[in-house]
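A.B. asks: Heads up: the sequence lines are chains D and R, in that order. Position 391, counted from 1, in the first sequence is what the numbering used here calls 384; the numbers after and before it change by one each time, with no gaps. Plus 9 on top of the position in the second sequence (first one is 1) and you've got the numbering used here.
Just to be clear, a hint being listed does not mean it is correct.
Straight-line distance between alpha carbons at most 25 Å, and here's what the computed DSS-like set of lysine-lysine pairs gives [stated by the list, open to error]:
| hint | chain 1 | residue 1 | chain 2 | residue 2 |
| --- | --- | --- | --- | --- |
| 1 | D | K419 | D | K429 |
| 2 | D | K149 | D | K114 |
| 3 | D | K429 | D | K227 |
| 4 | D | K344 | D | K386 |
| 5 | D | K91 | D | K139 |
| 6 | R | K162 | D | K244 |
| 7 | D | K110 | D | K140 |
| 8 | R | K162 | D | K280 |
| 9 | D | K244 | R | K203 |
Derived contacts from chain R toward chain D, CB cut-off under 7 Å, selection only [as the list claims (entries may be wrong)]:
| hint | residue |
| --- | --- |
| 10 | D126 |
| 11 | M129 |
| 12 | T160 |
| 13 | K162 |
| 14 | G164 |
Partner residues aside, some chain D positions facing chain R, computed with beta carbon under 7 Å [as the list claims (entries may be wrong)]:
| hint | residue |
| --- | --- |
| 15 | Q43 |
| 16 | R44 |
| 17 | I48 |
| 18 | Q58 |
| 19 | A169 |
By construction, these hints were calculated from the structure, which means they are not laboratory data. Just so it is clear, the structure is predicted and the values come from calculations on it, not from any experiment. We put the CB at the ideal spot given by N, CA and C, even for glycine.
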Amino acid sequence: MRSRWAGAAAFAAVVTLACTGSGCAVISTGGSPASLLEVGEGDPLSVPFQRMVAIEPQASWTPEQVAKGLQAAMASFDDPRREILRRYLTPEAQRTWKPGGPVTVLEDGVRFVSPSKGDGKTATVVLEGTEIAVIDDDGRYVPARKKTIRSFDLVKGADGGYLVSRLDNGLVLTAADVRRAYRPVNLYFLNGTADTDGVGSLVVDPVRLRIDPHRTFAETIVERLLGGPSTALKGAVNTAFPTGTRVESIKPLEDVVVINLAGDFSDRPADSALAAQLQWSLRDVAKGRTIEVKLNGEPFYDSGTLQISPKEFDNWVPAPDETVYYVADGRVHMMNKAGTGATVAGTAGQKKNDTYTDPALSAGGRFLAVKAGENGIWGSQVGSDAPWKEWIKGTDLTSPTWNMDGSLWVVDRTAPNASQVIRYDKDDPVPQTPIKAADLESTWVDRFEVARDGVRVAAVVRHDDGMSVQVGAIVGTGATQRLDHFQTLLTTVEKKQERVLDLAWRDAAHLLVLVGSKAGATVMEVSIGDGKVTPVTSDKRITSITALGERMLAGTADDEEAEVLEFDGTKREWETKAEGGRWPAFSLG
Amino acid sequence: MPPSAPKKPRRRTLRQLLGGLRRRARRAAGQVRRTWRRSLQLQVVTSTLVISVTVVAVLGAFLTDQINQSVVNERVRAAVNDAIADRVQIVDALQRQDGEQVKSADPAKDVREGPLDEAMNALGGTEDGGVEARYDVLVLNPTEPGESRATGKAGTASIPAPLRRDVERDMKRQEYNTKPEAYRENVTFIGETKPQLTLVTGVAVEGGYQIYHFFPLSAEEEMLSRVRQVLLVVGLGLVLLLVAIAFLVTRQVVIPVRLARQAAERLAAGRLDERLKVRGEDDLARLATSFNEMAANLALKIHQLEELSQVQRQFVSDVSHELRTPLTTVRMAADLLYDSREDFDPMACRSAELMQAQLERFESMLADLLEISRYDAGAATLDLDPTDLRDVVLRAVADSEALAERHGTRLELRLPNEPCMAEIDSRRVERILRNLLFNAIEHGEGREIVVSVGADRDAVAVAVRDYGVGLKPGEEHMVFDRFWRADPSRARTIGGTGLGLAISREDAMLHGGWLQAWGSPGDGSQFRLSLPREAGAELRGSPLPLVPPEVEMRRTWRGHITPVLSPATGEGALYAE
Chain D
-6 MRSRWAGAAA
4 FAAVVTLACT
14 GSGCAVISTG
24 GSPASLLEVG
34 EGDPLSVPFQ
44 RMVAIEPQAS
54 WTPEQVAKGL
64 QAAMASFDDP
74 RREILRRYLT
84 PEAQRTWKPG
94 GPVTVLEDGV
104 RFVSPSKGDG
114 KTATVVLEGT
124 EIAVIDDDGR
134 YVPARKKTIR
144 SFDLVKGADG
154 GYLVSRLDNG
164 LVLTAADVRR
174 AYRPVNLYFL
184 NGTADTDGVG
194 SLVVDPVRLR
204 IDPHRTFAET
214 IVERLLGGPS
224 TALKGAVNTA
234 FPTGTRVESI
244 KPLEDVVVIN
254 LAGDFSDRPA
264 DSALAAQLQW
274 SLRDVAKGRT
284 IEVKLNGEPF
294 YDSGTLQISP
304 KEFDNWVPAP
314 DETVYYVADG
324 RVHMMNKAGT
334 GATVAGTAGQ
344 KKNDTYTDPA
354 LSAGGRFLAV
364 KAGENGIWGS
374 QVGSDAPWKE
384 WIKGTDLTSP
394 TWNMDGSLWV
404 VDRTAPNASQ
414 VIRYDKDDPV
424 PQTPIKAADL
434 ESTWVDRFEV
444 ARDGVRVAAV
454 VRHDDGMSVQ
464 VGAIVGTGAT
474 QRLDHFQTLL
484 TTVEKKQERV
494 LDLAWRDAAH
504 LLVLVGSKAG
514 ATVMEVSIGD
524 GKVTPVTSDK
534 RITSITALGE
544 RMLAGTADDE
554 EAEVLEFDGT
564 KREWETKAEG
574 GRWPAFSLG
Chain R
10 MPPSAPKKPR
20 RRTLRQLLGG
30 LRRRARRAAG
40 QVRRTWRRSL
50 QLQVVTSTLV
60 ISVTVVAVLG
70 AFLTDQINQS
80 VVNERVRAAV
90 NDAIADRVQI
100 VDALQRQDGE
110 QVKSADPAKD
120 VREGPLDEAM
130 NALGGTEDGG
140 VEARYDVLVL
150 NPTEPGESRA
160 TGKAGTASIP
170 APLRRDVERD
180 MKRQEYNTKP
190 EAYRENVTFI
200 GETKPQLTLV
210 TGVAVEGGYQ
220 IYHFFPLSAE
230 EEMLSRVRQV
240 LLVVGLGLVL
250 LLVAIAFLVT
260 RQVVIPVRLA
270 RQAAERLAAG
280 RLDERLKVRG
290 EDDLARLATS
300 FNEMAANLAL
310 KIHQLEELSQ
320 VQRQFVSDVS
330 HELRTPLTTV
340 RMAADLLYDS
350 REDFDPMACR
360 SAELMQAQLE
370 RFESMLADLL
380 EISRYDAGAA
390 TLDLDPTDLR
400 DVVLRAVADS
410 EALAERHGTR
420 LELRLPNEPC
430 MAEIDSRRVE
440 RILRNLLFNA
450 IEHGEGREIV
460 VSVGADRDAV
470 AVAVRDYGVG
480 LKPGEEHMVF
490 DRFWRADPSR
500 ARTIGGTGLG
510 LAISREDAML
520 HGGWLQAWGS
530 PGDGSQFRLS
540 LPREAGAELR
550 GSPLPLVPPE
560 VEMRRTWRGH
570 ITPVLSPATG
580 EGALYAE
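Chain D on its own, in the form it takes in the complex (with noise of 0.2 Å):
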């Protein structure tokens, strides 16, 4: 009995010292697999930023410091009551100076200057430098060159140091304030009514915003959502959120993202398009979060909540028809992804007796346009065996253009300086609509595209100095439709015998420009966002362009070597795709 409980004793004992004095590890090793969080979730719905931070002035500060500590107060948004920019004004120009209105971009770079050495109780200080873009409230981007100058006027203050005592209305930053203090958001609206199916309906608005370090970025991007469109899409879109709604929180949870609106929901609106629009404009900072909407506080549906999970309205942005449609030979050809290319069934696919160029399908491919000669637009449905059919007879006509709704537009230029725009729906009794475009009725035309979103259009007007790239919007539907909101965004140098040979939308926010001259011809990127212009590759072959997405093919003009060409990204030049072809296009583009 003794002998067995004593070795019991010594089991447990080396047992014992085995687990404890040999060092077994603290952490084990091994074990069932931990799910981690992924990295993203759980995000606090904010962009990292940095900022300016306010300083007051000092007494000991030269004017051009005052000048300069003020500017870089401006570029403080801290403190919305702006409490130390104010230390920089005398009461005076406290009282008048409104920093509301459009805020002035100016680039990195500038120079405060003293025009005269002053006589000691007041100076002038001259702040030089480039405008290159004016923020509007509503968040809009519009890029501009000029020289800007602006001038403050100064006053010693009690404590000996300068204040300002006048100075203009508006905020001036520099381009580096603008890169802390705003990011590039890309708003979404609905392209004509909201109760549509939903495919292809929403419209980007690319627009600047604020970083408010007093609440996330997510809600900056939501309440300026609920603000509407910015001008450059004012009229020609809507929105699915009844006026006066109002966003009175949005939380961050673990992998749903819950936005507490407030606001009459009486005439509910279709509930899809209002969450497909805060899906797409919160993509970005949900980071493939659910987002849950609540409305004022309540679930927003009496029987459950509206919950959009991260993928739901993928379709609500168009999705690209990749198949590339080109002319050879007089006959339309297709070609799908994988290179290989077949003529198109029905009259398309067959020779025309005159030839014809600048072919434009429709949405799906479903219907053919071209011109043939300089007056006239052609049109066949693809497929069918019915003749060709003269859609549209004009003076001097652009290239065709299919908009999404099924509804073909061209340009007809009646006289040197007139231009109409003219809008074809095929099934309607009076089939030729002309469009009203104060912009353009008083200028030359050169190319016209409608923007696969239906609502943006490009066009290339002649000016005597060059030409200019100019997009607009399709605002209001029906007889009342119009074309307006024209933006510049790029302008050719004659002096370097620039010329606008082509254009084409890549998406909905950019634009691919192909400017000829005498060195060759280049294809350029402009954002519609900023009006930034990238140079993209240059290549002397190319005419015409056509993009979709990331695919960017162009044509070459002779006859003897006409080819369709498509640029490699990754090894950036161009592979022949379809020898004898010309005039590629996507459809809808």
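Fit chain R to the given chain D structure using the hints.
C.D. replies: Relative to the frame of chain D, chain R by itself:
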């Protein structure tokens, strides 16, 4: 009867209320103390609870402190390292700003940031592909416009004032790049209403710049509070577990002990067949075995004694009965002789008289013996009637008067005016009183005898006081023993049988009453009979004192305290006084 005035609600003063509360508290404390002293289990469990709570609290506090220190120290160390690394980066950027224009790292990038902006972008994660920093940085230059930057939500108002003072002092003394000062403060950031615990470091660098870092400690705080919660729960669980273990272990030991106590109590109460269950072979099982053996032996002995006693009683009873028949014959012959004694010579005459007298005594002794054997056999019954005790006393006194006169003793009666009604067997009570009176007369040495009657709500009592030789200490109980004699050498003058007081006590007990004696040498003695007014009611006290008041007063004066006299019937005497 006059109409009674409406009852006013009794208003109790604060003092009374406090007194009441104190009494209640004292009672509760007494209850607790009693429970505590009586329960071994409670004592063990309470001790375990106290000790384990103390140990767990000390251990928990130590652990919490250690974990706190290691977590916070580690965080502070990491934070200071981060702050130093960032400072190097920022100082490098600032020096470049002063000197040559830095070449952008990415030639494709057409936007060239200022060096300070670039450094801040790198720190704040605002550059392309940057990772958002877990802390905020504030670079402050109060002397140069447009040279102050911040990442995140840190503002100038977030800097703790003492840190700002320290950094500005370093700046004035031109002590740059010292080890960063670190403060743990509750800091309110821009756009937030609730301050959060933050580690703030600050340092002065050349060019009038102050660099502040804000490291949020909320995660650490949350972690530590969770650890504290876990420790608390675990500690509480441990204490409860220990208490439960102590409870179970003591229960295993205490339950057999408790059973043994209960069995012993039942055994003491006369249930001699009480036995303990024996389970196993351990100490408790052996205790139970020994107990059972003891109980069996006791039962056997008691049984034997009872049988013996029974045989003796039966013998006495039988002898008494058997003696009656010859005695009757002897008595008849003696009566004849006694009646004719006149004809005898004086010697024979005197013998006849003596024989007559002793025969009478023999008869009464025989009667008493029979009476006592009836009691022993449990055959005595009461013939109860509501009776005024005063009448019974008067009858007994009347019976004794002749004897008293012979002894020259005066009888003094102290009777209440009110009737003293009680349900009694008047024959037996009268016999008790007669016995007491005869006894008093016999030992009263001719001095007066006082007979007092008292009554209260529940009981009536009669006390017979004499001023004779009294009783020696300890004799108060012996007087009721059968055939007991204070002085064996002394002759019985009034022919008592030696059984009178024994029978009287049996009578008193049959009534549920007490018969008690008090006596002191030289002070005489007093016998007190206390009876309940209602037959069968428990007697709680006596309306008359056992010790005469004058003796009591004298005793109090002298400061002596005599031992409490126990009554003839068990515990009741405690309440009698």
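A.B. asks: Output the numbers, in ascending order, of every earlier hint that fails for this structure.
C.D. replies: none
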